Amino acid sequence: MGAEDIIVLLVAPIALGFGLGVVEQRAFAASRVLVVAMGLAIAAIYLLHEGLPPFPAISAKHKIAYALAALPVFGLVAFDQASYRRAALLAIVAAITFIWLVQRPLTAGRFDWGWLLPLGTIAVWMPMLAKAPDLSRSPFTSPVAHLAMSMTASVLALLGGFLGLGQVLLSLSALLGGYALAIFVFTLKNGTPKPGHPMMIWTVQGGLLILFVQLSTFATNLSTAAYLLLLTLAALPFADAKLSRLPLLVQPFAFAALALMAGIPAMLLALRNF
Amino acid sequence: MTLFSRTAIAAALFLSTSTVATAADLYTVHEDHTWVTFSVSHAGWANARGMFRNVSGDITFDQDDVTNSSVSVVIASESLDTNSEQRDRDMGGADFLNVVEFPEITFDSTRIEQTGERTAIVYGDLTMVGVSREVALDVVWNNEMPLPWDASTIKTGFSATATIDGTDFGMNQLVAFGLGPVIEVEIDLEALRK
Chain L
0 MGAEDIIVLL
10 VAPIALGFGL
20 GVVEQRAFAA
30 SRVLVVAMGL
40 AIAAIYLLHE
50 GLPPFPAISA
60 KHKIAYALAA
70 LPVFGLVAFD
80 QASYRRAALL
90 AIVAAITFIW
100 LVQRPLTAGR
110 FDWGWLLPLG
120 TIAVWMPMLA
130 KAPDLSRSPF
140 TSPVAHLAMS
150 MTASVLALLG
160 GFLGLGQVLL
170 SLSALLGGYA
180 LAIFVFTLKN
190 GTPKPGHPMM
200 IWTVQGGLLI
210 LFVQLSTFAT
220 NLSTAAYLLL
230 LTLAALPFAD
240 AKLSRLPLLV
250 QPFAFAALAL
260 MAGIPAMLLA
270 LRNF
Chain F
0 MTLFSRTAIA
10 AALFLSTSTV
20 ATAADLYTVH
30 EDHTWVTFSV
40 SHAGWANARG
50 MFRNVSGDIT
60 FDQDDVTNSS
70 VSVVIASESL
80 DTNSEQRDRD
90 MGGADFLNVV
100 EFPEITFDST
110 RIEQTGERTA
120 IVYGDLTMVG
130 VSREVALDVV
140 WNNEMPLPWD
150 ASTIKTGFSA
160 TATIDGTDFG
170 MNQLVAFGLG
180 PVIEVEIDLE
190 ALRK
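Here the protein sequences line up with chains L and F, keeping their order.
0 is the number of the first residue of the first sequence in numbering that gives the first Met the number 0; add one for each residue after it.
0 is the number of the first residue of the second sequence in numbering that gives the first Met the number 0; add one for each residue after it.
Fair warning: there could be bad hints in the mix.
What the hints assert, rightly or not - If you anchor each label on the Cβ, the simulated ranges turn out as follows:
1. Leu146(F) x Leu267(L): 21 to 31 angstroms
2. Val181(F) x Leu51(L): 15 to 25 angstroms
3. Ser71(F) x Asp79(L): 56 to 66 angstroms
To be verified - Interface residues of chain F toward chain L, partial, derived using beta-carbon atoms under 8 angstroms:
4. Ala93
5. Asp94
6. Asn97
7. Val99
8. Val128
9. Gly129
10. Val130
11. Glu133
12. Phe176
13. Gly177
Stated by the list, open to error - Far from chain L, some chain F residues (derived; all Cβ distances over 12 angstroms):
14. His41
15. Ala45
16. Thr59
17. Asp124
18. Thr152
19. Thr162
20. Asn171
21. Val184
Please keep in mind that the hints were generated in silico from the structure rather than gathered at the bench.
No experiment lies behind these values; they were computed from the predicted model shown.
All C-beta atoms in this analysis are idealised placements derived from N, C-alpha and C, irrespective of residue type, glycine included.
This is chain F alone, in the form it adopts within the complex (with noise of 0.2 angstroms):
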């Protein structure tokens, strides 16, 4: 055996097993490559669109067993961002996000679906002015691999969609201010494992 292939031989052994995930493991939200957007429409002349910056959580990711595993995240309300600072501290009012009585918004996942390879539904209980409701996410795993410039760092990615009623958490003044009531909810989540 030349050396050549002793080296790739021993490289793809490395690869490998910095890869190969163990039974279910742990991962910490990217904040700064977490993206938890969503729109609804806007008294039907279009869709007023917004996102949340400040994202953290964890996810036990088994690989081998989806089912297994579980999502814990938490959004801090104060954090939104619709492009208009009226609008924000608008939607951060008592009749909206209430975000000095209610400053996270949480999921905790409590089951979860294999719909696909790649694909789950994953249910949890979204928890928003002080109001918990099951929502359904449809969650597509993108992919997992190591960090170009660090081999050590395992990274993964999710996308992921849901609709929820704002009515349904208490913002019954959605309507009244020609909002939805339906928000469309999209997710793109980069994690680092443990």
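Chain L with its partners taken away, still in its complex shape (with noise of 0.2 angstroms):
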């Protein structure tokens, strides 16, 4: 691996996710022009590793693209939303998405019973986005976690032959890292963190889900225990009443512990397949 693969996978992920992080903190805490900013900075991930689709779509990984671009549309629209519509229009996308990438086996007459996988962890997950965690308490909760969440889903990636994904979803914990770092550097010096307006959360982790949606409709010969774990991750924001209680600079090692504990597990019944 090259300096510049380095750089397009790591390095420039998590430049990109400090600068939110950093204007975040300066000037737009609460802003839709930031919101837009980590659409745009999920979807430039993603077209970073896989390349411009060709229109139309032909492969599953051309639609992503497409699904992806509308995470700034989705942060748009969802700004000003409760939590319940916002989870509404997440779990839209994602059937949207899902019936999308499905549809070409499905009218040649291919049915897997592993894509009820897929539509069971979205059914899962839209009750626990509809609590929408209070970020003004700990605003490490939902970066780190959902750094974790995938970091994992980047391995289960790999391991289930999805190269590229893996990739792309590492750049993604990249930005979430670079963006956490920000968080932690203003807290450092100024004792506390603004909170950011929830919707920058909820574009990541619509970003994921489709992510997500990809990965667990076509890397089947993935555990579904693996699978379950990960659902364990996405619980993490919604788990922090006790953690928020520690002090504000031990938060984001004490959450990242804690989803190393559930994505470990993950990782490691991925691995018994190989």
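The two chains are supplied separately, each in an independent frame; assemble them into the complex guided by the hints.
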């Protein structure tokens, strides 16, 4: 792997995430522009790795690019909405993405019972997402939890033969790492960070959900238990009551440790197949 | 005329009529006697090789005017065999052959150019991973004769080579993983006359 590859894979996303975090802390804490920028950043990461899709889309990889392009639109439309409406919108985006992905094999008469897994995942995630986390109480909960989820999904993707998707998820982890780092630096400097707008993390959730739908629809050789543990990670942003009482600077590490406790078994279960 | 000579003449007539093809004969690809293999540079260390085990198709072969012939072949993309189950799984993933979405690789000839007594270039549309591109196969017609144990079954055989670029079919990750992207294809095909 050359220097250029490392820049695309890690350095650029970290810098981009850090930049988003800095802008959020210094200027646009609750801003539609920032939410759209987060959506565009996620879509840009995908396009950097997979290239521009043809029109019309031919394969699932191309369809995902178009689905991710809808993230900034989702960010704008759901910006002022209640949590349950945001969850419903996200469920619609994920369901449309899933139907679009399986359309080709389905019309050819091929049905895979494994497709019920992404549908079940969406059904479980939506009620969880409807309870929005209070970011002012712990600004690290969501970024670190989603970073852990993205990294675990990256390993699952690589083990499932989704080499390109694994790289995308790794870069997404780097983006979230840079974002969390910016919040951490401001916390070190000012004692307490500005609370960001919930739509920043909702946009990240949307990106992860779309990528997860692709992964679970086509990587059917992965352990079902590994997916269930991935769901556990999705619950982390909402299980922060006790961890939020820890000193602010300790919180990101506590959340990361908790995420690893769920993520490592997921990866080991997937490894069992190989 | 002796009995022997009458028998010999009859036998010769029978054999000649059973091997002489009509204007265009239909053949079915004999799957067990067809090898579609390929090789691709593996980071410059060596050429990685593989084959597809499940190949079927039909050939219309006009020996008098080969330009009137046609070929239609279907390859099950999941039948890839590179001597490693893990590698076969990876190559069948979304970044490469994408077998879940595109379970078949097809080749349909569009025109044929005769280049010699037993050689021709067969142009056709190769469709792989949802993308169709014209490719040219350099084909040699090796032989046609009845099966030794069944004179009523006529088999014909061809060898062909082609060079394709995997990135032309959207497999852009090939280069990132040190493969190709140029893929050398070698085919040995036997077909039975219907």
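Here is what the structure says about each hint:
Judged by the Cβ atoms, the range 21 to 31 angstroms given for Leu146(F) and Leu267(L) is violated: they are separated by roughly 55 angstroms. For Val181(F) paired with Leu51(L), a C-beta distance near 23 angstroms keeps the hint of 15 to 25 angstroms intact. Between Ser71(F) and Asp79(L) the CB atoms are about 58 angstroms apart, so this pair conforms to the stated range of 56 to 66 angstroms. Evaluation of the Ala93(F) hint against chain L yields a held restraint, the C-beta minimum of about 6 angstroms falling below 8 angstroms.
Because the beta carbon of Asp94(F) sits about 5 angstroms from the nearest beta carbon in chain L, less than 8 angstroms, this interface hint is met. The interface hint given for Asn97(F) holds, since its Cβ lies 6 angstroms from the closest Cβ of chain L, which is under the 8 angstroms cut-off. Interface restraint check for Val99(F): the shortest CB-CB distance to chain L comes to about 5 angstroms, inside 8 angstroms, so the restraint holds. The beta carbon of Val128(F) comes within 7 angstroms of a beta carbon in chain L, closer than 8 angstroms, and the hint placing it at the interface holds.
Given the 8 angstroms rule on beta carbons, the hint for Gly129(F) holds: about 4 angstroms separates it from the nearest Cβ of chain L. Using the Cβ-Cβ criterion of 8 angstroms, the hint placing Val130(F) at the interface with chain L is satisfied: the shortest such distance is roughly 7 angstroms. Look at Glu133(F): its Cβ only gets to about 17 angstroms from chain L, farther than 8 angstroms, so that hint breaks. For the restraint placing Phe176(F) at the interface with chain L, the shortest Cβ-Cβ distance is roughly 7 angstroms, inside the 8 angstroms limit, so the hint holds.
A hinted interface residue such as Gly177(F) counts as satisfied when its beta carbon comes closer than 8 angstroms to some beta carbon of chain L; here the least separation is about 11 angstroms, so the hint is violated. Non-interface status of His41(F) relative to chain L is upheld: no Cβ of that chain comes within 12 angstroms, the nearest being about 15 angstroms off. Against the 12 angstroms criterion, Ala45(F) stays outside the reach of chain L, whose nearest CB is about 21 angstroms from its own CB. Non-interface call for Thr59(F) relative to chain L: holds, since the shortest CB-CB distance, roughly 27 angstroms, exceeds 12 angstroms.
With a closest Cβ-Cβ approach of about 15 angstroms to chain L, Asp124(F) is found to remain outside the 12 angstroms limit, as its non-interface label requires. Every beta carbon of chain L lies more than 12 angstroms from that of Thr152(F), the smallest distance being close to 34 angstroms; the non-interface claim holds. Every CB of chain L is more than 12 angstroms from the CB of Thr162(F) (nearest about 23 angstroms), matching its label as outside the interface. The claim that Asn171(F) is not at the interface with chain L is violated, since a C-beta of that chain comes within 12 angstroms of its own (minimum 6 angstroms).
The beta carbon of Val184(F) sits about 22 angstroms from the closest Cβ of chain L, which is more than 12 angstroms, so the claim that it is off the interface holds.
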